[in-house]
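**Q** Place chain B on chain A using the hints.
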Amino acid sequence: MSSDVVIRVEGLGKRYVASHRTEGSGLRTRFAAHLKEYLPMLRQREEDYFWALRDVSFEVKRGEILGILGSNGSGKSTLLKILSGITPPTEGRAWLRGRIGSLLEVGTGFHPEMTGRENIFFAGAMLGLSQREVRAKFDEIVDFSGIEEFIDMPVKRYSSGMYVRLAYSVASMLRSDILILDEVMAVGDSAFREKSQKNIAKAARDGRTILFVSHNIPAVKQICETGFILRRGKISYRGDAAGATATYLREIQQISDFAEPQGPDRDLSKAPRFDRTDRVILRRISMFDRNGRPSNEFTSGDRLTIKIELDNHDVQEPYFTIFFISETGERAMTLYSTHQHYKAPRGSTIVECAIERANLVAGTYRLIVDFGSFSMGQFQSMDCVADAITVTITSPVDWGPPRFVANQGYILQPATWTTRQILAMENN
Amino acid sequence: MNSDIDNSFIGSTEEHLVEAGTGGTSLGLSELWQQRELVWIFTKRQIFVRYRQMALGIFWVVLEPLAYLLMMTAVFGTLLKVNTGNYPYVVFAFAGLMPWLLFSKATTAAANSLTDNMALISKVYFQRLLLPVSGVIREFFDSAVVFVILVITAWIFGYPPTLKLLLAPIILTYASVAALALGLWLACVMVPFRDIRPLLGLALQAGMYATPVLYPADLVPQALLPYYQLNPMYWTIELFRWLLLDRPVTLTASFGYSTGAVILALLTGLIVFASGQKRVVDVQ
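The listed protein sequences correspond, in order, to chains A and B.
Okay, so the first sequence: first residue is 1 according to the numbering used here, each after it adds one.
Okay, so the second sequence: first residue is 429 according to the numbering used here, each after it adds one.
Hints are computed from structural coordinates only; laboratory data are not their basis.
Hints are supplied without guarantee of correctness; some may be wrong.
Computed list of lysine-lysine pairs in BS3-like fashion (alpha-carbon distance at most 27 Å, straight line) [to be verified]:
1. 234(A) / 137(A)
2. 156(A) / 472(B)
3. 706(B) / 472(B)
4. 137(A) / 472(B)
5. 234(A) / 706(B)
6. 343(A) / 270(A)
Some chain A residues near chain B, calculated using beta-carbon distances under 7 Å [stated by the list, open to error]:
7. 51
8. 97
9. 104
10. 107
11. 112
12. 330
For every residue, glycine included, the Cβ atom is placed at its ideal position computed from N, Cα and C.
Next comes chain A alone, as it looks inside the complex (with noise of 0.2 Å):
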């Protein structure tokens, strides 16, 4: 066990009676579920429990920025709220050195009715600061919000810009060896986000550990050195963040790991469907090169042809959509066919998309097929394959970077270079 580890939890689950089983059914049932909770010889069954986190172990060092993605429900805040102290965990355990500062809402503590130089006191000390720490950062509190001349102002009165900004400052001034920061970057401008970013950056480099939850994918990518996914309450990738946040974004996509090698024809019928898409209507999918060759290995700038088969019964007017995913889960390209106003015959088709140049930098992109049907201007999805098929770019020689480099785009846009002498007669 290394000394460095300020964050050790092992096995952490939380479960929670089933609140579908209480909400809106009668008085009994809501009195029963009631008493489920107080007395537990009461409950028996595992059905009428929901585990929101579960089997949860992982290890933080000191001054480590950890990111933790998931979506909605995955069990992120109850995550937080445990190690915060607000809720116990039903099961395992969690060991944390050091002073721990939770922020789990911007203006914890904030009354409408208090001005702001009350609630700065007030906040603060909900925050774990003593009035006599508050009182020495006041003026810098007050100066990184930016909003001086109302600080005497109910925060009523505030715009939500100004409440927000001086709710953070408050925050950004916790001083605990442990930061639990939820959603915090979603706040203020974008010069207030920059700030508050560098703010977090510089509390890492004073050896402080930051725990740190966001849906913003690209600040987690840019403030977190290390990373996790919580996806249905249990840990499903831990490692860099570069490489957590490239995952998450797949993840919600649908899309499966680049490792696994996939040919130029792909018969889809069989293919794992996007969420709600219960037909399958797209059946084959493949890819060929200007010559008409099978094919999904390219040079960018070359002729791409993708074929599609599909058996359309209902649909008048269709759509086609084609994103191509990068490997950091990025969409660097979508090919849309309702400028087509295109019109399908009904049953057994195939569908071929052209591209005259696949402009794109060096990488492996994933292909999402969305089909459905579009009319007055409404998109309808009717069969949607999150990963359909793999290409692979290649950069012509001389041409950019020989492999994918995350940040620099996604398109490799030919240009014309040309160079004139500049004469001395035209200088005057």
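**A** Below, chain B alone, put in the same frame as chain A:
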């Protein structure tokens, strides 16, 4: 065994263990003492917030009980002519009403403290015992103001203040502790069962008539008196009238029993609260 996280600053080497607890639990009293500054700030804020938006502001502290007193005097003193011996009805009733209102409001404040502060409880950790305690302290402060008016009123009616008044804080604390005990019992159960709120209002109303607030205890049948006297508020009010109006009071065995009951209720209330508050976020 189950030590919760706290935000107090001991040093960077402090350790916290969050565990699925089945065993013993701390009452949170030492943590509350560590967070006493927060108790004070919290109480102060609640007092401010309550009166800030009212045109008459802090005057409501005395306006409300005085209006109540006038109504009671009109009905029980003037219309029904309740026999209060040599004591003018207004002073007699005021001396009962003031401690009763403290008890009633403090009980309500403590019982509602968790429900009213749910937003705070579910977002930040602090010793939750702070909430009912601060609710009771707030009402104690309010009633201190009313107490001053009461002393002046008594003086006007010919009962000048004596050194006995120094005992008033002790008697009021006794009533506050009884209120806290009752509030602690109810606070956690109140969260899932909001029905308790109106029920408590009714119970307190009934309690006022079961206590010699608006009438003297002599009206109660002799046989019932030992039971009637088990009510801690009976003793609070009788003692209050003794120290203000020099009205004689005899301490009986019931005084000992009711004091014992208050202490027992407080201890069990603390235990009930300590174990209930942990789950309170989950059952809201």
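**Q** Can you list which hints this structure breaks, lowest number first?
**A** 1, 7, 10, 11, 12
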